[in-house]
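So in the working numbering, the last one in the sequence shown is 420, and the numbering has no gaps at all.
By construction, these hints were calculated from the structure, which means they are not laboratory data.
Computed from a predicted model, the values in this text were never measured in an experiment.
There's no promise every hint is true.
[Unchecked claim] With a straight-line Cα cutoff of 30 Å, these simulated DSSO-like cross-link-like pairs (lysine-lysine) come out:
#1 Lys260 / Lys243
#2 Lys71 / Lys412
#3 Lys231 / Lys259
#4 Lys290 / Lys200
#5 Lys283 / Lys259
#6 Lys414 / Lys200
#7 Lys204 / Lys414
#8 Lys133 / Lys204
#9 Lys290 / Lys277
#10 Lys71 / Lys204
#11 Lys71 / Lys308
#12 Lys225 / Lys243
#13 Lys94 / Lys60
#14 Lys243 / Lys277
#15 Lys308 / Lys281
#16 Lys200 / Lys243
#17 Lys281 / Lys231
#18 Lys278 / Lys290
#19 Lys260 / Lys231
#20 Lys197 / Lys231
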Amino acid sequence: MRLKIAFVAGYCPIKLPQKLSPLHGLDEVQSIDLFSRKKYETPDMPKLRWIYIPGFFGISVLQELARLLALLAAAWKYDLIIACHQTYHGVWAWLAGKLWRKPVIQMVITDIDWVNEKFFPSIAMLSADACGVRGPLAAGKLRKLGFKRQIETLHNTIGTMPRLPNGGKTADIGKLFDLLAVASYGKEKNFPWMFEIISETAKKMPSLLLAVAGDGQEHLKKLVKQKRLEANVKLLGPVYGSELALLYCRSKALLLSSETEGLPMVVLEAFSFGIPAFVSDAGELPWIVRDGIDGKVVAHGATAQMSGCILDAFQDPTILENMGRSAMERFVELSADFSPRSIGDCWERLIRAALKNKGITFEK
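Work out the full structure: start from the sequences and follow the hints.
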């Protein structure tokens with residue numbers, strides 16, 4: 057049996073290949089039709105096809121309705137529907153599965169509590185035939201909500217992580233920035249709190265310099281000006297590939313201020329270059345960052361505590377050095393779980409369980 061799959065997701069040219077490539081690599085998968093508002097196809101994944109969604113002059117509500125109608129109209133021909141579940145993606149997949157009695161796998165890529173607070177997204181999550189989550193903390197939360205079907209941890213593969221050009225070495229690259237944030241603008245990333253941390257820390261460390269890489273920085277320019285942080289924050293715009301790898305190496309530590317999270321790959325990317333992380337306690341961050349070992353984990357919104365942790369580490373260079381070594385060891389420790397083969401095995405178990413829940417026998 058070779059499967060025809062509908063995959064419902066948002067558009068992101070970095071995260072989509074991380075999510076899709078292990079699934080695409082399974083021999084059991086015949087085709088993957090991508091239901092995304094923007095086109096994404098790549099020669100590296102010949103089984104992947106983008107399903108056309110009208111642009112409607114960028115009006116997102118109309119685009120979402122068009123995507124829903126396209127999925128509902130085509131879902132009868134698929135063996136399985138998979139969604140990167142946040143809000144619309146997961147709900148559309150659930151509706152299509154209900155209409156055509158198709159098995160649905162929900163990839164819950166953000167915080168379980170955040171999804172559960174929303175009526176229809178919560179129903180879509182808890183009605184799934186199987187769920188993929190970002191880590192063990194999310195799996196535990198889902199079980200506490202009464203979900204009894206198959207759960208697997210679906211990491212993004214490290215195969216697409218940024219690498220230094222021409223075999224460059226981390227030790228040969230000088231530091232330009234004290235802190236680095238790699239995140240596109242979004243409410244869940246809570247940049248206002250991040251800049252509060254920088255403002256508080258700069259009172260005792262005036263030379264503090266934060267680099268921010270990501271999309272949507274027009275919003276951030278206003279925040280920087282409002283908080284008078286022009287000397288402490290450098291907005292770099294989107295940075296990819298080897299340039300992002302160089303940026304990690306030019307920074308002393310990573311800073312994340314997220315209000316909600318799944319498992320951000322930027323932490324693992326930073327760890328691969330020996331960069332420790334100062335993070336909030338959102339999502340799987342308390343699992344991937346061992347508090348006081350690879351960095352610091354602070355309750356979201358605790359400005360004084362986060363600032364104090366940063367100051368303590370930067371006043372004693374050995375603290376940052378030790379955290380950096382531990383971060384690289386953590387990356388090595390976790391690498392096998394983030395390999396395409398390991399993730400592919402998780403996909404196989406999820407697919408078998410989802411089909412079985414609908415009474416379908418899955419044979420290779």
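Evaluation of the provided hints:
1. With a C-alpha separation of about 28 Å, the suggested pairing of lysine 260 with lysine 243 holds against the 30 Å cut-off.
2. Between the alpha carbons of lysine 71 and lysine 412 the distance comes to roughly 29 Å, so the proposed pair stays at or under 30 Å and holds.
3. At roughly 22 Å between alpha-carbon atoms, lysine 231 and lysine 259 fall within 30 Å of each other, so this suggested pair holds.
4. For a cut-off of 30 Å, the pair hint linking lysine 290 to lysine 200 is broken: about 42 Å separates their Cα positions.
5. Proximity of lysine 283 to lysine 259 is assessed by CA-CA distance (about 13 Å); at most 30 Å being required, the pair is judged to hold.
6. Taken as a hint, the lysine 414 and lysine 200 pair is honoured in the structure, with Cα atoms around 23 Å apart against an allowance of 30 Å.
7. For the given pair, lysine 204 sits about 15 Å from lysine 414 by alpha-carbon distance, which is consistent with the 30 Å threshold.
8. Distance restraint check for lysine 133 and lysine 204: the Cα-Cα separation of roughly 28 Å lies within the 30 Å cut-off, and the hinted pair is therefore satisfied.
9. This hinted pair checks out: lysine 290 and lysine 277 have alpha carbons roughly 10 Å apart, not beyond 30 Å.
10. Between lysine 71 and lysine 204, the direct Cα distance comes to roughly 28 Å. Compliance with the 30 Å bound is thereby established for this hinted pair.
11. Distance restraint check for lysine 71 and lysine 308: the Cα-Cα separation of roughly 25 Å lies within the 30 Å cut-off, and the hinted pair is therefore satisfied.
12. Between the alpha carbons of lysine 225 and lysine 243 the distance comes to roughly 35 Å, so the proposed pair goes past 30 Å and is violated.
13. Restraint check for lysine 94 and lysine 60: the C-alpha separation of about 21 Å stays at or below 30 Å, so the hint holds.
14. For a cut-off of 30 Å, the pair hint linking lysine 243 to lysine 277 stands: about 15 Å separates their Cα positions.
15. As the CA atoms of lysine 308 and lysine 281 are separated by approximately 24 Å, the hinted pair is consistent with the 30 Å bound.
16. Taking the CA atoms of lysine 200 and lysine 243, the gap is near 27 Å; set against the 30 Å cutoff, the hint holds.
17. In summary, the hint linking lysine 281 to lysine 231 is supported, as the alpha carbons are separated by about 25 Å, within the 30 Å threshold.
18. With a CA separation close to 13 Å, the supplied pair lysine 278 and lysine 290 stays within the 30 Å bound.
19. Of the supplied pair hints, the one linking lysine 260 and lysine 231 holds, its CA atoms being roughly 20 Å apart against a limit of 30 Å.
20. For the hint linking lysine 197 to lysine 231, the alpha-carbon distance of about 39 Å lies beyond 30 Å, and the restraint is violated.
Checked against the numbered hints above, the structure breaks hints 4, 12 and 20 and satisfies the rest.
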